[in-house]
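Undergrad: Please put together the full structure from these sequences, using the hints given.
Letter by letter, the chains look like this.
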Amino acid sequence: MAFFKNMLFGGDYNPEQWPEEIWVEDMRILNLAKINSATINVFSWAQLQPDEETYDFSTLDKIVEMLTKHKYQIVLATSTAALPAWMSRRYPDVNRTDFEGRAHKFGQRHNACPNSPTFRKFSAKLAGKLGERYGHLENVVCWHISNEYGGNCYCENCAKEFRVWLKKKYHTIEALNKAWNMAFWGHTLYSWEDVVVPNALGDAIGTEKTAFAGLSIDYRRFMSDSILRNFTDEKAAIKQHDPKTAITTNLMGTFKDLDYFKWAKEMDIVSWDNYPSYDTPISLTAMRHDLMRGLKDGQSFMLMEQTPSQQNWQPYNSLKRPGQMKNMSYQAVAHGADTIQFFQLRRSVGACEKFHGAVIEHVGNEHTRVFRETAELGQELEKLGDTLLDAVTPAKVGIIFDWSNYWGLEYTSGPTIELQYVDQIHHYYQELFARNIDVDMVSINGDFEKYDLLIAPCLYMINQEQAQKIDAYVNNGGHFVTTMMSGLVDETDNVHLGGYPGPLKETLGIWVEEFDALPPEKTTQVVFNDGTVSDCRMLCDIIHPNTAEVLANYGKGEFYADTPVITRNQKGSGMAYYVGTMLSETGMKRLFDELLKALPIETFDLPEGIEWKTRVKENQTYHFLLNHKNEPVTVTVPTAGKELLTETALSGTIELAPFDVKIIAE
Amino acid sequence: MAFFKNMLFGGDYNPEQWPEEIWVEDMRILNLAKINSATINVFSWAQLQPDEETYDFSTLDKIVEMLTKHKYQIVLATSTAALPAWMSRRYPDVNRTDFEGRAHKFGQRHNACPNSPTFRKFSAKLAGKLGERYGHLENVVCWHISNEYGGNCYCENCAKEFRVWLKKKYHTIEALNKAWNMAFWGHTLYSWEDVVVPNALGDAIGTEKTAFAGLSIDYRRFMSDSILRNFTDEKAAIKQHDPKTAITTNLMGTFKDLDYFKWAKEMDIVSWDNYPSYDTPISLTAMRHDLMRGLKDGQSFMLMEQTPSQQNWQPYNSLKRPGQMKNMSYQAVAHGADTIQFFQLRRSVGACEKFHGAVIEHVGNEHTRVFRETAELGQELEKLGDTLLDAVTPAKVGIIFDWSNYWGLEYTSGPTIELQYVDQIHHYYQELFARNIDVDMVSINGDFEKYDLLIAPCLYMINQEQAQKIDAYVNNGGHFVTTMMSGLVDETDNVHLGGYPGPLKETLGIWVEEFDALPPEKTTQVVFNDGTVSDCRMLCDIIHPNTAEVLANYGKGEFYADTPVITRNQKGSGMAYYVGTMLSETGMKRLFDELLKALPIETFDLPEGIEWKTRVKENQTYHFLLNHKNEPVTVTVPTAGKELLTETALSGTIELAPFDVKIIAE
Amino acid sequence: MAFFKNMLFGGDYNPEQWPEEIWVEDMRILNLAKINSATINVFSWAQLQPDEETYDFSTLDKIVEMLTKHKYQIVLATSTAALPAWMSRRYPDVNRTDFEGRAHKFGQRHNACPNSPTFRKFSAKLAGKLGERYGHLENVVCWHISNEYGGNCYCENCAKEFRVWLKKKYHTIEALNKAWNMAFWGHTLYSWEDVVVPNALGDAIGTEKTAFAGLSIDYRRFMSDSILRNFTDEKAAIKQHDPKTAITTNLMGTFKDLDYFKWAKEMDIVSWDNYPSYDTPISLTAMRHDLMRGLKDGQSFMLMEQTPSQQNWQPYNSLKRPGQMKNMSYQAVAHGADTIQFFQLRRSVGACEKFHGAVIEHVGNEHTRVFRETAELGQELEKLGDTLLDAVTPAKVGIIFDWSNYWGLEYTSGPTIELQYVDQIHHYYQELFARNIDVDMVSINGDFEKYDLLIAPCLYMINQEQAQKIDAYVNNGGHFVTTMMSGLVDETDNVHLGGYPGPLKETLGIWVEEFDALPPEKTTQVVFNDGTVSDCRMLCDIIHPNTAEVLANYGKGEFYADTPVITRNQKGSGMAYYVGTMLSETGMKRLFDELLKALPIETFDLPEGIEWKTRVKENQTYHFLLNHKNEPVTVTVPTAGKELLTETALSGTIELAPFDVKIIAE
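Heads up: the sequence lines are chains A, B and C, in that order. First residue of the first sequence? That's 93 in this note's numbering, and the numbers climb one at a time after it. First residue of the second sequence? That's 93 in this note's numbering, and the numbers climb one at a time after it. First residue of the third sequence? That's 93 in this note's numbering, and the numbers climb one at a time after it.
Rather than coming from a laboratory, the hints here were simulated on the basis of the structure. Since we're looking at a predicted model, the values are computed, not measured. Hints are supplied without guarantee of correctness; some may be wrong.
When chains are identical, the list treats them as one kind, so a pair holds in a single copy or across two.
Claimed, not checked - The list that follows gives simulated cross-link-like pairs (lysine-lysine, DSSO-like), each with its CA atoms no further than 27 Å apart:
#	residue 1	residue 2
1	Lys648	Lys721
2	Lys97	Lys709
3	Lys197	Lys252
4	Lys261	Lys197
5	Lys221	Lys336
6	Lys261	Lys388
TA: So this is what it looks like as structure tokens:
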């Protein structure tokens, strides 16, 4: 089921910030760019509800009316991502208490305590009123609840709710003590009241970790759940009046705070905001798109925000080069986006995002580079219509991404401060990206069977069932790869006793005795069986193969020279690989040559900077050929076909212009 | 009108810290150095007022008496820069609340909440008592209120006064919402009570900025005004008893917190503390002197503090090299100082400044290098007498320095974190310094007509009247230069719509469509019409000339290659230049060659490290020739004349000793 | 008197964290390694006292019983280093208030306010109960009070106790004002109530210093004393029931917070935890051992903790290389350890130290490298028995280490932020270490007469009596060396007036007029009388010799070129050296050649990485030959004899294996 009848093209629109005479110009100019939708009402709570008793929809009515008249589709936000000043002042419980233990006053956005009874009441009430008033409109095509959810609160209300959440999960205080290993450092609790939130006044180590990772991780889960309840509060209020229109909220890629797999279950469609920095690897953006598509198991997503030109909050806010915005828009489509939307349609006149790019710049007319590029894209999208909506990615490789692992790996103390979960995932993703292999980002609780190859870097936190599922996957013929820092702990960060990698030992056929952390100035070497030599760094596992064969040993340098570092275990009809260190580029290439040679996965060797992606819809296959370089690149098209944007046949060796994009119907 | 009858030579003197037997030695030793003045009573509040009811001037009486007897002139401070401990304890409202929201207790200095009713009452009362007791003394030649004013308070009293200040400025809450663009992020206020101070508990981003720059800038203005009211409170109390003696407070050069142009209107004479670090460019010190002179439109100032040898609070507190203190003292005079004063006359025995240099070192006698150099200077100054007092700088070039721009540029979000206001001003100043051209630092509300050339780097924040004044200046024949990040916003940081650089567009004859931020590792190039090539960095404006001619285009590298970067617009009988990037040295030299070639401004090409400055008094011209290098330099004297220190004729090519100084009466 | 009948070999053991079936395995495995002792009950307060009224020793009884049955010696801790949760909640006065002024809740360890009446009552009560219950057991061989004492509290109770402490020390508020030089910045106090704790809400500069170093240093002393009173509270309670067993607490080498010389007077035996980082110089570890031995004037100490393999809280937690743990254990013995103990015997299953090494790894058996190495060591120690217990180090060189100097030097403002006390001490220590000369670390109040050479780098803070003692030492024939930043201030950081280095001027025969701080990018040179040239950096004193002769002058570069930098003063029958800068390696070598050539101190020139140390027991001399390198090294044994571990004769030139250790009975 496609949510939209064509590709939504538009973005965030806040006309309440300027006089109505400008609205007329907005309609004229946006129409020139073939923009067909607007996201409105994202931060208007204070305007919609000037005090506790009063609701005033007059301005929003006018905006909706105008957009409707001009045939715009509307993504209607609920405005609850920023508290009204009067509410902050009158009901201080709506404000957050931060990691430092400081109760905040009015300010910023994304600022509501998720467990504030006042906030929960008022936010659901507003969402209900919006649902009632606008839910019946045909051009309200999507609800957008709040905005970029995240953050933490450590107030007394949160502490109380945390205790309720814990009681529900653990039932007894003894079970809680065991889960968090509270006997360590004599932290044994005898009452639920003894539970203290993990901030700087409690168990904090530094600005995020605590001495008890089990506590930190559970609090992170609790916060994710609490904020999700804010989302479902509003969702339920809307659905009462409008049960049909899809509901979303804009996510943020590999954002750490929220367990997006859990969230996605409550969302009708996933949407996200793509804000790479000038030096973000293109493969990392690709990975984030794939993750967003993976959240609902391959279902298309909305690109809710991107900048048409530059951002304002990066250290260095470079302009997107000519063609680059279009290139990045199509990259989103290639990975599963059914919409292309911008923050923002017109630049704000003041406040902290005034230097953030917009379709209509401060000059206020259509005679700008940015507008011209937007209009070109609009014309192309109009032509594409619904062609690509709801197409799917035929990936045969899955990479596990798991928020509990994200938190677990980064909240633990030792063995090295260099370990970053997203970096480790991307380290493997980029090897597949370089070979132009389609990849799904998969939940650890997802369906593995459809993949020929399943990769799980740093699968640090894993329970018995998850391990059994992986074992079954391998037994049934799957190829599975994992790495150092895997199989170590259970869901509350207690070590699986009996030898690393815990419940994965049998599947992998190895025992890891120790892991050595190398300081950043040190590397050592890996020698593959064929003699290939690669540097490795950061962590070096000391491995004893049981049933596994050895694919590579450490080279000279450390005391574990000539001991195994990469192993492969045949189990049932499948294979389980273990990589006991962080390989440099040579090693990664060599490893993937090995991994892929026995699998029916097609590799496309294209020049660096060229991306090739595939989507399939009703037996029609579409290929995307993207030049991410700001220079011409000569490339041989892997699959000939009809190019959709130019409506011409495409095959053989061609020159792609800088940032060029081809969409080929096979 | 000269304030002093000869050049004051002395400094901070705190005999209350040591026994009276040492006072006798002080008098003897200081007299050897020809020291003729002392600044006293800077931090003695606790001593003068041991409790709420009691005032005890007995020690101060003794000090004044002794200094009078020994014929010292006195700069009498009011002691209110550090709260007495009893007051902090008994009246907590006198203590500040910091950016983190923490209410402070007793400690440090410069610690009074400017809006504390208790502080205002007691500080004015003390100043009045001092005025009454000592104001009639002939040798009290200057009042020194408080010390190095600055800092912030975020307490409830400040919040209340801020609301009063805002009501006075904006009259309605609607006007306030518009000024700060509060519709953004739904921050609309419905009551003055909704205004929250911009600290970490409110709208903070990082440690200084907030999400609403308009709020931050207004709070900065409010703080500057509040603290200025502390100054005028005391000033009024003194003037009641002593209406004639000049009143000052010691400023701090390019210090960010206070709008010194506004302050200077309330000060009879400007004074400041010059504390360069070991690696501060000599041109930056020169610029700060010129700024201090500019505060009262060219009027001479007091050098209130400098160290005779070393500081204590820098990371690395190098000694001033032999001759360097004298060199730096004369540099102050060359730029407009009518006094040479030190912090401090005798080193403190303990507390955090005990390792700060003094005329009398811890050894306690006159047999030190530092003392000898001080005494040499004292003899020279005695000889100079009143010769240079009240002389003026005949500058034909003005550079605009504006605190609203300082705050605006540094409180905004984007386009690059590298932008620092003082750096940008100095980037232009140093080109003039290198050519030995006299420069005035001018208020944006100052008089431009006297300058042939007016330079305003990063004139980010500007209103219509200011823009009109600049336009008139150009029309009347002035040459005006401005740069990227100019003409962008109004006084509360709202963008001038209709295209950059806003109200300066017509004057400059250009439209700036976009600005690209380069990360620090990247540069691009500028090619002047004559082929000169220069690197440029940080920001690159994309410029459309309307009526302007193009002086330079971007070189190869970025997509805006071959588009204009430096332009010149003839308007009326003047010229308006725009520089759309940050040029490296080659480009700056080439630009200034261009700027100066048509103007009657004399350039002096002297060896690097040599400074040449001019002051004029009653038709007599004095030139200062300063060797800032710690090595001999051969130089041809630009203007022959009588050298005042040696009383010999000077002309032709001479060798200057390390740190040598010549003062030439033309 | 030896405290133990053989060398204790064991470590921290926390079986309460796991089920009793594992205890059986523990006994079996530990016995294999010849482990003969266990430190227990370190963090079990919450378990021992589940609420205010109830004490429950059942688990501890079982642990003690089991260990006794298996013939383990017990180091019995008192568990008071971590507060029970219920106590933190019910009696908030037990929690600390931090430097930021924030009152903490339950969390972390080492978290009790030392001046909390509640904590003092409950901790002493628990210690008494433990003493009563277990003090009579023969295999309880040592009491271990609390754990790694340190930290600060700034609560109201501490403020009150601080005022009491000050009254006792200074008697009058006038004396206090003088001691802290409170007249500076008008801080004069008129009431004890005016004293404010030196944290961020008071007089703080940065995160540790304050504007009044006298206040900071006294607060540091007060905290050290307050925490020491916690120790003596518990000690007294134990001694009531068990007056004979030795009592200790585990110190931390050069840890800054506590005056360990003062503490050691209250401890029966010193113990400490040795946790070098992967890049800690081996000489620094050696120095820390010597310091621990010096605390009780040469008495043997306990190595209470070290990791058998890796740590978890370092940035990069490298494994100890094969042989390295044994090598480091013997290094401890070579410097005076009578025990070898580990943290920990079995790895914790969860919480922040789960990745810290242990004798029994998570795999839970004896088949690990770490266990094998431990067992090897255990066998050797069993063989050594009591041979080395209580041996002493025959050092002829003493280095003064003094906590008041540590605090004074690092709390002062200026002349350079590079000054770190431990670095300066180690700078001199390492020269002696490189020559394999035995060194004692000595209290400034210690006995100097036994040393031929006494070195006191940066003896910044010194009183008249201390200076006189040094002078007497020199007069009596001692050789004394001190450096820049010496003799400057008295005990409360007030400068000794009359010229630097204050009360050491006569002894050294010099006057230091000024000190120049060089920024890190700058060095200058020292030229010895024989022409040897060395770089120097950081600080350069400008020195006038009175009676001293000049050993080296500054080389070219700065204005003090050709003036003295190293001097020697003959006084009585001794010599006093002054080194006015920080010498680089060449200069240090040259200096020590000079220092040593006239003294009867034997130097052993061995290859780099080889250490040679001596201990003497009842006229028997033992030498330790340690290869700290992870590679074989050929060395000529300085003294032939019987090697104790191999029981073979050793002499001549031998090859030491990587990390090899030889113990030679002469």
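Undergrad: Does each hint fit the structure? Answer for all of them.
TA: Hints versus structure:
| no. | hint | result |
| --- | --- | --- |
| 1 | Lys648 - Lys721 | between (39 Å within a copy, 17 Å between copies) |
| 2 | Lys97 - Lys709 | within (15 Å within a copy, 82 Å between copies) |
| 3 | Lys197 - Lys252 | both (21 Å within a copy, 15 Å between copies) |
| 4 | Lys261 - Lys197 | between (33 Å within a copy, 24 Å between copies) |
| 5 | Lys221 - Lys336 | within (16 Å within a copy, 70 Å between copies) |
| 6 | Lys261 - Lys388 | within (26 Å within a copy, 53 Å between copies) |
Hint violations for this structure: none, all hints satisfied.
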